[in-house]
Amino acid sequence: MMNAAADLAEDNALKEIATWFEHGLGHELLAFEQRILDRLLAGLYGVHLAQIGVNPLHPLADASTITHKFVIYPELTLGMGPESLVADATEMPLNQNSVDVVLLHHTLDFSASPHQVVREAARVVRPGGYILVVGFNPASLWGVMKWRACQQHAQVWRRAQFISQRRLHDWIQLLGLTTVRTLTDYYQPPYVSDTWRGRFAGLNRLGRRSLPGCGAFYATLVRKDVASMTPIAPKRRTRRFIQLPVPEPATRGQISETR
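Letter by letter, the sequence shown follows residues 608 to 866 in this note's numbering.
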C-alpha cells in the first residue's frame with residue numbers, strides 16, 4: 608500500500624514538473640540547461656542516443672550528430688513520437704552495451720531509486736560511451752531556498768531530491784565509471800515573477816566568475832571505460848529486450864574537448 612502511494616506521488620510529481628518546464632521560471636531554466644547540453648552533446652559521436660527525463664516531449668539532443676535518437680517515457684503519453692519506448696528508467700528493455708549516449712534529464716531528482724537508474728544507464732551504455740546527467744544542484748541558491756517554504760505550498764521543483772555532485776560521484780566511482788566534466792549555470796534566485804527574475808539576471812555573469820560550481824543545476828558527463836567498468840549482475844527476473852536498429856555506419860569517437 609505504501610509503495611503504491613509512493614508510486615502515485617512520483618507519477619504526479621513527474622507530470623507537474625513536465626508542465627513546470629513549459630512556462631515561466633521552468634522554461635527559463637530549461638533554456639539555460641539546453642545551452643549547456645548543446646555544448647556537451649556536440650562533441651559526442653555514435654549511433655544510438657537515449658533521452659530519459661521528466662519532460663520527454665521536449666527534445667534535448669538536437670545538437671547531437673548521433674543518427675538514432677529515441678526517448679524513453681515512463682508511461683504512454685499523448686504526442687509520443689515514433690522513436691519512443693515506454694519503460695521504467697530502472698529497467699530499460701535494452702541490451703547491455705547497446706547505446707552510445709544516455710541523457711538523464713532530472714531523472715535522478717524524481718526517481719525513488721536514483722542509484723539504480725545510474726546502474727541501469729551504465730549497463731546499457733557501450734564501452735567508450737557516455738552518460739550525461741542533469742540535476743538540481745544543492746550547492747546553490749535554489750538548494751538553500753528549497754527548504755524555506757512549507758512543502759505542501761511549494762513549487763514542484765522543491766520536491767526534487769537535489770542529489771549532490773559528491774553523492775553522484777560516489778555512485779560513478781562504485782560503478783567504475785569516469786567523470787569527464789561537470790558544468791553548472793543559472794545563478795538567479797528561483798523567483799516566479801518575470802520582473803523579479805529580470806532584476807537579478809546580472810547574477811548569472813557574476814556567479815560564473817565568482818562561484819563557478821554553484822549554479823541551480825549541474826550537467827555531469829560520465830564515460831564508461833572498458834578496463835574500469837564494474838560488471839553489473841543481471842536481475843533474477845527475466846526481461847525482454849528490444850533490438851535497436853542498425854543505421855548506416857557513423858563515426859564513433861571521444862568528446863572533442865573536455866577541459
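The reader is advised that the hints may include incorrect statements.
Computed list of lysine to aspartate or glutamate pairs in DMTMM-like fashion (alpha-carbon distance at most 20 Å, straight line) [to be verified]:
| no. | residue 1 | residue 2 |
| --- | --- | --- |
| 1 | Lys622 | Glu682 |
| 2 | Lys753 | Asp645 |
| 3 | Lys622 | Asp645 |
| 4 | Lys753 | Asp777 |
| 5 | Lys753 | Glu690 |
| 6 | Lys753 | Glu635 |
| 7 | Lys676 | Glu635 |
| 8 | Lys622 | Glu635 |
| 9 | Lys676 | Glu623 |
| 10 | Lys676 | Asp695 |
Across the chosen pairs, the derived CB separations fall in these ranges [to be verified]:
| no. | residue 1 | residue 2 | range |
| --- | --- | --- | --- |
| 11 | Leu851 | Ser720 | 16 to 26 Å |
| 12 | His630 | Leu851 | 29 to 39 Å |
| 13 | Gly688 | Trp754 | 32 to 42 Å |
Since the hints were derived computationally from the structure, they do not count as laboratory data. For each residue, glycine too, the CB sits at the ideal point set by N, CA and C.
Verification of the supplied hints:
{"no.": "1", "hint": "Lys622 to Glu682", "verdict": "holds (11 Å)"}
{"no.": "2", "hint": "Lys753 to Asp645", "verdict": "violated (27 Å)"}
{"no.": "3", "hint": "Lys622 to Asp645", "verdict": "violated (25 Å)"}
{"no.": "4", "hint": "Lys753 to Asp777", "verdict": "violated (23 Å)"}
{"no.": "5", "hint": "Lys753 to Glu690", "verdict": "violated (36 Å)"}
{"no.": "6", "hint": "Lys753 to Glu635", "verdict": "holds (18 Å)"}
{"no.": "7", "hint": "Lys676 to Glu635", "verdict": "violated (24 Å)"}
{"no.": "8", "hint": "Lys622 to Glu635", "verdict": "holds (18 Å)"}
{"no.": "9", "hint": "Lys676 to Glu623", "verdict": "violated (25 Å)"}
{"no.": "10", "hint": "Lys676 to Asp695", "verdict": "holds (18 Å)"}
{"no.": "11", "hint": "Leu851 to Ser720: 16 to 26 Å", "verdict": "holds (24 Å)"}
{"no.": "12", "hint": "His630 to Leu851: 29 to 39 Å", "verdict": "holds (34 Å)"}
{"no.": "13", "hint": "Gly688 to Trp754: 32 to 42 Å", "verdict": "holds (38 Å)"}
The structure fails hints 2, 3, 4, 5, 7, 9 (numbered hints given earlier, in ascending order).
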